[in-house]
Amino acid sequence: MSPYAPKRPCLEPRCPNLTEGGGRCAQHARAYDLQRGSAKARGYDSAWAKFSKNWRQRFPLCGMRRDGQLHAEHSQCVQEGRTSPAACVDHIVSMANGGAQYDESNLQSLCLMCNNRKRVTHDGGFGR
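Our numbering puts the sequence shown at residues 1 to 128.
Be a bit skeptical, because a hint or two may be false.
Within a straight-line C-alpha distance of at most 30 angstroms, the following computed DSS-like cross-link-like pairs (lysine-lysine) qualify [to be verified]:
{"#": "1", "residue 1": "K40", "residue 2": "K50"}
{"#": "2", "residue 1": "K53", "residue 2": "K40"}
{"#": "3", "residue 1": "K7", "residue 2": "K53"}
{"#": "4", "residue 1": "K118", "residue 2": "K40"}
Since the hints were derived computationally from the structure, they do not count as laboratory data.
Hey, can you work out the whole structure from these sequences and the hints?
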């Protein structure tokens with residue numbers, strides 16, 4: 001963020017604190033992180049890391065799904081005719097919304113920009 005950007009209110013309801021760049025204040029960020037659980041507790045363990053690496057080798061471009069085709073639904077890269085390398089494996093229906101972690105019909109490769117855009121517009125935003 002710009003050093004001149006205005007501070008924003010903490011995302012915690014009724015918290016009077018302001019934050020640099022949005023999100024939660026230090027007090028509420030710690031509490032939220034403890035309640036949220038670790039990446040491992042949420043299913044992103046070494047088995048997922050291995051699976052994800054293998055998936056991205058099989059489907060290396062942003063917007064690719066298990067059929068090997070590029071899908072534009074969540075990929076702005078595909079929508080704009082760009083070929084971008086995938087940086088992550090995205091759950092089309094997030095695990096928080098009932099999507100299955102290893103169901104290949106629920107997975108797609110996305111670059112970070114498209115993954116972040118989908119997270120904000122479809123999955124409830126960052127730090128749900």
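- Message: Does K50 sit within 30 angstroms of K40, going by the straight-line distance between their CA atoms?
- Response: Between K40 and K50 the Cα gap is close to 13 angstroms, so the pair holds against 30 angstroms.
- Message: So if I understand the rule, the pair passes when the alpha-carbon distance is 30 angstroms or less; does K7 with K53 pass?
- Response: 38 angstroms, violated
- Query: Between K53 and K40, is the straight-line Cα distance small enough, at 30 angstroms or below?
  - Reply: Answer holds: K53 to K40 is near 16 angstroms, not above 30 angstroms.
- Query: For the pair supplied as a hint, K118 and K40, is the alpha-carbon distance within the 30 angstroms limit?
  - Reply: 22 angstroms, holds
The earlier numbered hint that this structure contradicts is number 3, and it is the only one.
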